[in-house]
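J.: As you go down the protein sequences, you meet chains L and F in turn. When the letters of the first sequence are read in order and numbered with our numbering, they come out as residues 1 to 257. When the letters of the second sequence are read in order and numbered with our numbering, they come out as residues 1 to 356.
Treat the hints with care, since some could be wrong.
As the list claims (entries may be wrong) - Simulated crosslink set (EDC-like; lysine to aspartate or glutamate; CA at most 16 Å straight-line): (1) F:230 x F:279; (2) F:349 x F:279; (3) F:208 x F:193; (4) L:112 x F:290; (5) L:205 x L:107; (6) L:112 x F:198.
As the list claims (entries may be wrong) - Simulated restraints on C-beta separations: (7) F:298 x L:169: 45 to 51 Å; (8) F:159 x L:229: 35 to 41 Å; (9) L:232 x F:275: 24 to 30 Å; (10) F:349 x L:128: 48 to 54 Å; (11) L:255 x F:233: 35 to 41 Å; (12) L:85 x F:79: 24 to 30 Å; (13) F:89 x L:169: 47 to 53 Å; (14) L:216 x F:349: 55 to 61 Å.
As the list claims (entries may be wrong) - Chain L stretches covered by chain F per the calculated footprint, using a threshold of three residues with CB under 8 Å from any CB of chain F: (15) 7-17; (16) 153-161.
Read the hints as simulated data drawn from the structure, not as lab findings. Every residue, glycine too, gets a C-beta built ideally from N, C-alpha and C.
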Amino acid sequence: MNDDSDIFDYLARGGKLSAPGNTPPRYRAELLRLMASFVDSELAGAAGFADCINLGPGVKERIAAARIVLEKLDHAERVLKIMGDFGANVTRYQNLHPWAARIARHDDIGLKRQAGDMRLNVFHYPIAGWTDAVVLNVLMGTATVIQLGDFAVMSYQPLAETFRAILPREQRHAELGQEGLNAAGARGSAAQKEISDSVDYWFPKVAATFGAAASPRTELLRRFGIRRRPNADMLDEWRGRVSAALGSCLRGWNGRA
Amino acid sequence: MAQFYPLTVTDIRRDTREAVVVTLAPPVDAAEAFRFIQGQYLTFRRCFDGEDLRRSYSICAGVDDGVLRVGVKRVDGGWFSTFMNEELKVGDTLDSMAPMGNFHAPLAPERTRRYLGFAGGSGITPMISLIRTIMAREPKSSFTLVYGNRSTSAIIFREELEDLKNLHLGRLNIVHILESEAGEIELFSGRLDREKCEALFSRWIDVKAADLAFICGPEPMMLAVADALKSHGLPETAIKFELFSSPRAGRAKPKAGGAAGAYSGAATATIVLDGAARDIPIAAGQSVLDAALAAAIDAPYACKAGVCSTCRGKLVEGEVEMEANYALEDYEVERGYILTCQSHPRTAKIIVDYDQ
Chain L
1 MNDDSDIFDY LARGGKLSAP GNTPPRYRAE LLRLMASFVD SELAGAAGFA DCINLGPGVK
61 ERIAAARIVL EKLDHAERVL KIMGDFGANV TRYQNLHPWA ARIARHDDIG LKRQAGDMRL
121 NVFHYPIAGW TDAVVLNVLM GTATVIQLGD FAVMSYQPLA ETFRAILPRE QRHAELGQEG
181 LNAAGARGSA AQKEISDSVD YWFPKVAATF GAAASPRTEL LRRFGIRRRP NADMLDEWRG
241 RVSAALGSCL RGWNGRA
Chain F
1 MAQFYPLTVT DIRRDTREAV VVTLAPPVDA AEAFRFIQGQ YLTFRRCFDG EDLRRSYSIC
61 AGVDDGVLRV GVKRVDGGWF STFMNEELKV GDTLDSMAPM GNFHAPLAPE RTRRYLGFAG
121 GSGITPMISL IRTIMAREPK SSFTLVYGNR STSAIIFREE LEDLKNLHLG RLNIVHILES
181 EAGEIELFSG RLDREKCEAL FSRWIDVKAA DLAFICGPEP MMLAVADALK SHGLPETAIK
241 FELFSSPRAG RAKPKAGGAA GAYSGAATAT IVLDGAARDI PIAAGQSVLD AALAAAIDAP
301 YACKAGVCST CRGKLVEGEV EMEANYALED YEVERGYILT CQSHPRTAKI IVDYDQ
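Bound conformation, chain L alone (with noise of 0.2 Å):
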């Protein structure tokens, strides 16, 4: 066994840690687990974003998806920056994946992660056109949104206070989304149908970023002070949120299982 039940106890507790050093080992290693998983989701989403920018139908969409792309970056930096407190070797973790690599539209990976990079799946999967990478951009921006808001209160107040600084940025790449969304929907019936169909391709990878009802791992981060709410209950306010935002421009929306 560890000597560091008192540092548990404390972050059980309510405590917070602000330096490196006064980690526990388990806590360490969740703690960069997620800070990875965060900067390869942003790098890796980034990347396939940055090819769409060319398909925006006018340049205030292509200044619209620009700015994601530059802005995701930097939260990408902003974070590896805490992970080289920790040790990481930034310069390397950089160019460690092919970060804009795409499996088939159609294949399916599931929940597994894919060796050492750990994006979320959903960044996996290639978008197609400029539709598609709007209905994403609303679907996994609002999920995104409620993700870091559960993170920017974390018991490692450095990453905390990152997260924070980070959350209104993501929120309006979601309204972004959402602008363009609600253009693109006013196009027309086959304009309609390919939303439609976006939705239904997105909507299920999305919905698996928040993981499953219950587990080990999300009750471990619990104790740690690192997640507070549980999957489930992210799960039900994502869904509440963004049929409030494809009901708005997609008609006969309703809802999806």
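Mind docking chain F on chain L? Use the hints.
T.: Frame of chain L, contents of chain F only:
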């Protein structure tokens, strides 16, 4: 990899029977690296009996003071703090990393903010840095310090705080809480616990008017203060914590691994994770991490490339060979830490502990 700089000891002042304040000068060409943010700490390295030990001590100077100094209280049985208190001399050099740490809030010179600070014992050191800096850089802000100690003689920086208070009358308020001295006012004696906070917050300190609170001290005190602050309406995001103890501060064990010949066959590993131990087989060529994952052990990992250090574990018995290591410091390797994603057994039996 972490870089150390030789700092010259330019002054040592005994502040209490058990604490010294050490002033240090960085090498001229590293002056820039030692510009610090208020509330940061220095990490020192020194060899004791052939073992590389590291300890972190908070800087206790303001950012505009033009001086780098740390306060060190002697800990019973603590090699480093005893050395700093008893053996260190003016003119000696100490190896230190550049300042690190996040116990601060960005300064806002134009704002009128009300800060609260809660220090227990040597938790005062970063507070000195925060107070000195805020008094100088935020001329309209005020700071109330609640400082708990066993007795008057144990109060580190007692005179300096008194001088600061006189210099910044009306902006800096200091409340001493003394455990073993029953003063005239009951409110100011006893322990800095939840009950004491409740009494202070209902009669002496207006928590609702505060913008930010800093807490530094032992865990129970920090939790008690934070709970009381929250129950009096301060948002959780406005409370900054700095735990000053260093939990992994024990003496290092002898180095694992050595000059044995290469071992190419399969091995058995005992994997300790979250307090449970399991024996698993490791095939030739398989990494310790992959073997653990194959046995359905939920071992931590991320990059699987020796870069991120998520999969770090301690080799308790046996020997391994690491293919690559871009994350662990030399001293961690000395102490037996391995990146399990890069490690292959070199002995038929190994024990790896993810909990250490």
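J.: Does each hint hold? Answer for all of them.
T.: Taking the hints in turn, this is what the structure says about them:
Restraint check: the Cα-Cα separation between residue 230 (chain F) and residue 279 (chain F) comes to about 46 Å, which exceeds 16 Å; the hinted pair is violated. As the CA atoms of residue 349 (chain F) and residue 279 (chain F) are separated by approximately 10 Å, the hinted pair is consistent with the 16 Å bound. Using a Cα cut-off of 16 Å, the hinted pair residue 208 (chain F) and residue 193 (chain F) is violated, with the two alpha carbons roughly 19 Å apart. Proximity of residue 112 (chain L) to residue 290 (chain F) is assessed by CA-CA distance (about 15 Å); at most 16 Å being required, the pair is judged to hold.
Straight-line distance between C-alpha atoms of residue 205 (chain L) and residue 107 (chain L) comes to about 12 Å, which keeps the hinted pair within the 16 Å bound. Straight-line distance between C-alpha atoms of residue 112 (chain L) and residue 198 (chain F) comes to about 50 Å, which puts the hinted pair past the 16 Å bound. Distance hint check for residue 298 (chain F) and residue 169 (chain L): the Cβ-Cβ separation is about 33 Å, which falls outside the suggested range of 45 to 51 Å. As the Cβ distance of residue 159 (chain F) to residue 229 (chain L) is approximately 49 Å, the hint placing it in 35 to 41 Å is violated.
The hint said 24 to 30 Å for the Cβ distance between residue 232 (chain L) and residue 275 (chain F), and at roughly 27 Å that hint holds. For the hinted restraint 48 to 54 Å between residue 349 (chain F) and residue 128 (chain L), the CB-CB distance of approximately 53 Å keeps it satisfied. Against the hinted window of 35 to 41 Å, the Cβ-Cβ separation of residue 255 (chain L) and residue 233 (chain F) comes to about 39 Å, which satisfies the hint. Taking the beta carbon of each, residue 85 (chain L) and residue 79 (chain F) are about 25 Å apart, inside 24 to 30 Å as hinted.
Between residue 89 (chain F) and residue 169 (chain L) the CB atoms are about 52 Å apart, so this pair conforms to the stated range of 47 to 53 Å. At roughly 28 Å, the beta-carbon separation of residue 216 (chain L) and residue 349 (chain F) lies outside the given 55 to 61 Å, and the hint is violated. For the segment 7-17 of chain L, the proposed coverage by chain F is satisfied: 8 residues have a C-beta within less than 8 Å of a C-beta in that chain, meeting the threshold of three. Evaluation of the coverage hint for the segment 153-161 of chain L: fulfilled, as 5 residues show C-beta separations to chain F shorter than 8 Å, against a requirement of three.
Violated hints, in rising order: 1, 3, 6, 7, 8 and 14; the structure is consistent with all others.
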